[in-house]
Amino acid sequence: MIAIVFITVLVLASVAFLMGRRRAIVLAAGQPAKLHSRPNYHGMYCFLMVLLVGWGLLLVVGVGAEIAIDRMLETQVSVARPEASSVERQLIISDARALATGALASADDSLRQSVSERFARFVMWRNWAISLLVLGGALVAAALCLRRISVSFRARNRAESMLRKMLAAMALIAVLTTVGIVLSLVFETFGFFRDIGWRVDKFLFGLNWSPLSGVMDGQLDPDRVGAVPLFAGTFLITLIAMFVAVPVGLFAAIYLSDFASSRARAIVKPMLELLAGIPTVVYGFFAALTVAPALRNTGETLGLTVASESALVAGVVMGIMIIPFISSLSDDVINAVPQALRDGSYGLGATRAETIRQVVLPAALPGIVSAVLLGMSRAIGETMIVVMAAGQGPNLTANPLAAVTTVTVQIVSLITGDTEASTAAGPAFALGFTLFCITLLMNVFAQKIVHRFREAYD
Amino acid sequence: MNEIRDVTALKDTKKVKISAQNVQVYYGDNHAIRDVNVDIDDKTVTAFIGPSGCGKSTFLRCLNRMNDTIDICRVTGTILMDGRDIYAPDVDPVLLRARVGMVFQKPNPFPKSIFDNVAYGPRIHGLAANKAELEHIVEKSLKRAALWDEVKDRLSASGTGLSGGQQQRLCIARAIATSPEVLLMDEPASALDPIATAQIEELIDELRSKFSVVIVTHSMQQAARVSQKTAFFHLGSLVEYGETGQIFTNPQDPRTESYITGRIG
Ligand SMILES: Nc1ncnc2c1ncn2[C@@H]1O[C@H](COP(=O)(O)OP(=O)(O)OP(=O)(O)O)[C@@H](O)[C@H]1O
Ligand SMILES: [Mg+2]
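If you read the protein sequences in the order shown, they are chains A and L.
Per this note's numbering: the first sequence ends with 470, consecutive numbering throughout.
Per this note's numbering: the second sequence ends with 278, consecutive numbering throughout.
If you're looking for bench data, these hints aren't it; they were derived computationally from the structure.
It cannot be assumed that every hint is accurate.
With a cut-off of at most 20 Å between alpha-carbon atoms, the simulated DMTMM-like pairs for lysine to aspartate or glutamate come out as follows [what the hints assert, rightly or not]: (1) L:119 x A:107; (2) L:56 x L:162; (3) L:28 x L:84; (4) A:281 x A:270; (5) A:281 x L:84; (6) L:156 x L:166.
Simulated coverage check for chain L against chain A, where a stretch passes if three residues somewhere in it have a Cβ under 8 Å from a Cβ of chain A [what the hints assert, rightly or not]: (7) 108-121; (8) 143-149; (9) 161-167; (10) 184-193; (11) 221-235.
Derived Cβ-Cβ restraints for the label pairs, each shown as a range [said to hold, decoys possible]: (12) L:222 x A:288: 39 to 49 Å; (13) L:148 x A:313: 54 to 64 Å; (14) A:459 x L:211: 42 to 52 Å; (15) A:255 x L:152: 39 to 49 Å; (16) A:273 x L:169: 55 to 65 Å.
Yeah, the Cβ is synthetic: ideal placement off N, Cα and C, and Gly gets one too.
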């Protein structure tokens, strides 16, 4: 029902567009240059107005009616059953709603029956109200707009300003979502810090992480929430991954943009990008089932003890996963360096290598740094590969052959573990928030560096 | 000064520096240069003139093998420099370009400091033994390109922050800093005011004592002022080539005459 109204408004708006344009053309009387705005803008103005009024009313009336119906049903139930608890009343109402839509057939109780009948009636009224109000509003809007059209009407300015506001609204939604997420992180993190008696230092610098062992009635022990082993694990694995991904990705990008023939490029680039399409789970079991045993065997022949789960395996496979991000983005920015700069360098008798090192790479540096940063945030946020290949036990070590775990893996096991969510959420949020702060700092820092060393070519 | 140089120039038995024979250039299927034969003399300024799109830049780029960097470009024929084929398989285009410098039609300073721009060539070719020498080369090149006074206080500022005409002169300084034997200049004065143009023309005249200079220009007056030889290109062919005075006062080909008098192009 609501979907139909929604689409009808769209159709009305399109009709208004055509009529608005038509009317502008008629008013111009064969001299289109007389119009302040092109006929299309008049149409656009009508279109946007009808859309705005129609959908706006739909939203307001729909939400309002929903609230009103809820209220009325609740009063009915509480009058009929004053002794019932509020949970019970909610249950009755939801049963009645299900009854009305035919989703529930076996409720013979008379109250439920009568509530359900009233609900069905309300829904009918609501649908009528929505249809009439929304479509009526849209029609009125269309009529008003059409009447406003005149030769000197500034339709373009109005339509454009409306569009601008819509765009701004969309941007605002994105920003507000981010702000909301950050705020909820901050909020929950504060709760966690309160639970550990504001011993933030223990969290940031403590070496022992087992927040849920021996937890009584939600009371966390500050001595067991030291996050250092987790961040060390994340750091170690990310480092290994970047050691693999940055050289391979960057050199691949340089090869692709400056050395490869166009045929080689046409084959190699999609192949590399294919790597980005492999789900991380696949990388995970590739790491656990293929790379890990191979590494263990190699280790044995060399006389090294390699844990069956190790930071090295996870890091290397994660590095492979990140290669396409770095190579593809770097390739784009390297390609964007103008040919004229390369020509200038070749023209002075520079070799390809000299040209790339001294002209192309410095000019592409900002883009390359952001490519690396993007890859790094992928590595920091990656969970699946670590779970499968690096382990789940916090372990403070710099030995890449030992099992470690990372922040994100800990968050997952906290949330999916069988401890009550309200207790487990605190440490998880605190970890998430700290991780967020670290990546943010990293980004700011990198921006600063880029700003200092960048060679802008335009 | 000028008279003395002119006398020595006259005494020189004009040696041929670059000799092009039957040069054809194709961009894919587009036959951009047809059958060009030309001998470019040493210690001479040669001007290439002709209407836009006639292939002046394309031919110029053949002389230092810059066309190698364009995938679809194919060059046939022979181009000899000091009697050796520069397209022979054993010739390294990198070394060739160090000897044949180029100033491009559009200024293309590197996004580096003014100093590093000029020092780029000397650095990669190891022309300076120490920092003082390098600074000397940079200063001398900037002075000869008539840019020194404007930038001497901000050598560490970015070359891309200069005005268009200054960038043009920076590129000229960059090209002469490597002391090439031949200097190819593609419309070096197109973005310059009359004063800077005069300075560049003076530089070209001065370079002639040591190098041979090839200059593409759209200005007849400039060609007449700075060059001793002039080549007129039309639709990819070399229509007429000879002494500048001859070309401008007594052209043999009707197309040359109409271009010079402003009827085609
Ligand atoms: N990179 C290229 N790829 C394909 N075709 C090209 C390329 N460069 C030049 N051409 C073609 O070759 C022909 C000659 O171009 P060229 O740049 O040599 O002209 P020009 O004489 O230098 O003109 P102008 O005086 O405008 O600079 C033109 O038809 C042009 O379209
Ligand atoms: Mg040109």
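Do the hints match the structure? See the list:
Our distance criterion of 20 Å between C-alpha atoms is broken by residue 119 (chain L) and residue 107 (chain A), whose separation comes to about 77 Å. Restraint check for residue 56 (chain L) and residue 162 (chain L): not satisfied, since their Cα atoms lie roughly 28 Å apart, outside the 20 Å limit. Taking the CA atoms of residue 28 (chain L) and residue 84 (chain L), the gap is near 34 Å; set against the 20 Å cutoff, the hint is violated. Annotation: proposed proximity of residue 281 (chain A) to residue 270 (chain A) holds, straight-line Cα distance about 13 Å (limit 20 Å).
Of the pairs offered as hints, the one joining residue 281 (chain A) and residue 84 (chain L) holds, with about 19 Å between alpha carbons and a cut-off of 20 Å not exceeded. This hinted pair checks out: residue 156 (chain L) and residue 166 (chain L) have alpha carbons roughly 13 Å apart, not beyond 20 Å. Here's how the region 108-121 of chain L fares: 10 of its residues keep a CB closer than 8 Å to some CB of chain A, so the rule of at least three is met and the hint holds. For the region 143-149 of chain L, the assignment as covered by chain A is violated, since 0 residues bring a beta-carbon within under 8 Å of that chain's beta-carbons and 3 are needed.
Only residues whose beta carbon comes within less than 8 Å of a beta carbon in chain A count, and the region 161-167 of chain L has 0; fewer than three means the coverage is violated. Under the rule that three or more residues need a Cβ within less than 8 Å of chain A, the assignment of the region 184-193 of chain L holds, with 4 such residues. A count of 0 residues in the region 221-235 of chain L with a Cβ less than 8 Å from any Cβ of chain A is obtained; the coverage claim is therefore unmet, three being the minimum. Range check, residue 222 (chain L) to residue 288 (chain A): about 60 Å between beta-carbon atoms, so the 39 to 49 Å window is missed.
Between residue 148 (chain L) and residue 313 (chain A), the C-beta spacing of about 58 Å keeps the proposed range 54 to 64 Å intact. About 46 Å separates the C-beta atoms of residue 459 (chain A) and residue 211 (chain L), a value consistent with the hinted range of 42 to 52 Å. Checked against the hint of 39 to 49 Å, the C-beta distance between residue 255 (chain A) and residue 152 (chain L) comes to roughly 44 Å, which is consistent with it. Evaluation of the 55 to 65 Å hint for residue 273 (chain A) and residue 169 (chain L) yields a failure: the beta carbon distance comes to about 39 Å.
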